[in-house]
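Following the hints, complete the assembly by docking chain B onto the known chain A.
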Amino acid sequence: EPEVTQTPSHQVTQMGQEVILRCVPISNHLYFYWYRQILGQKVEFLVSFYNNEISEKSEIFDDQFSVERPDGSNFTLKIRSTKLEDSAMYFCASSPDRMNTEAFFGQGTRLTVV
Amino acid sequence: AQSVTQPDIHITVSEGASLELRCNYSYGATPYLFWYVQSPGQGLQLLLKYFSGDTLVQGIKGFEAEFKRSQSSFNLRKPSVHWSDAAEYFCAVAPFQGAQKLVFGQGTRLTINP
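Chains as they are written, first to last, in my numbering: chain A, -5 to 108; chain B, 22 to 135.
Okay, chain A solo, but in the shape it has when bound (with noise of 0.2 Å):
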């Protein structure tokens, strides 16, 4: 059964230090999707994107943030000057149209900072 692929299950990383977080979607899916889940909290959207460009974002995805699909296989979340506070379980998501239809999550990669 297809699955969405997430690459490093934890990661951890200096403060102020850059992240690259990776997945792998489905691959005839066309929307992607970011969202987090700091210990304790909600699962919080943070971007939606399709046709190589953000569709919605979150007021979360500041300007620290950035999403990319370099290879159209890979689908990538940037954090350039990590902080404590972006500590948190980090998800992706594909689904093969809008959100109004089944959203496939991965496994989630874990970023601590320390």
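Treat the hints as calculated values from the structure; they're not laboratory data. Here a beta-carbon is modelled for each residue, glycine too, at the ideal position from N, C-alpha and C.
Result set (SDA-like, lysine to any residue): computed pairs, CA atoms no more than 20 Å apart in a straight line:
(1) 36/A with 32/B
(2) 36/A with 116/B
(3) 36/A with 47/B
(4) 36/A with 109/B
(5) 72/A with 45/A
(6) 51/A with 117/B
(7) 82/B with -4/A
(8) 70/B with 60/B
Some residues of chain A that are not near chain B, with every Cβ distance over 10 Å (derived):
(9) 1
(10) 5
(11) 8
(12) 9
(13) 23
(14) 64
(15) 70
(16) 90
Short derived list, chain B residues pointing at chain A, Cβ under 8 Å:
(17) 63
(18) 64
(19) 65
(20) 67
(21) 70
(22) 111
(23) 122
(24) 123
(25) 126
(26) 127
Relative to the frame of chain A, chain B by itself:
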């Protein structure tokens, strides 16, 4: 404000007992409703979804959920839980058709007593 509420942070039930996890939403129209499950170390897996039609929907792993418009609820049920059902359960809402994002509740952690 638009929101999704799961009133129970943590529920413990005995194996073989019935289960009901509550979810309430506050949106003007009938949103698209989802239940996801997250087992330890795993991603978010869709259990079931409601878009329209029959208000009782069947999902995977023996779960079902009932949409009640009058109560703005979408509660998840299972007649007899198994130890493998221990996980975190998330209710989620796509606020309207074509919405680019899901809004999640804070999750309910389910513990199963042997």
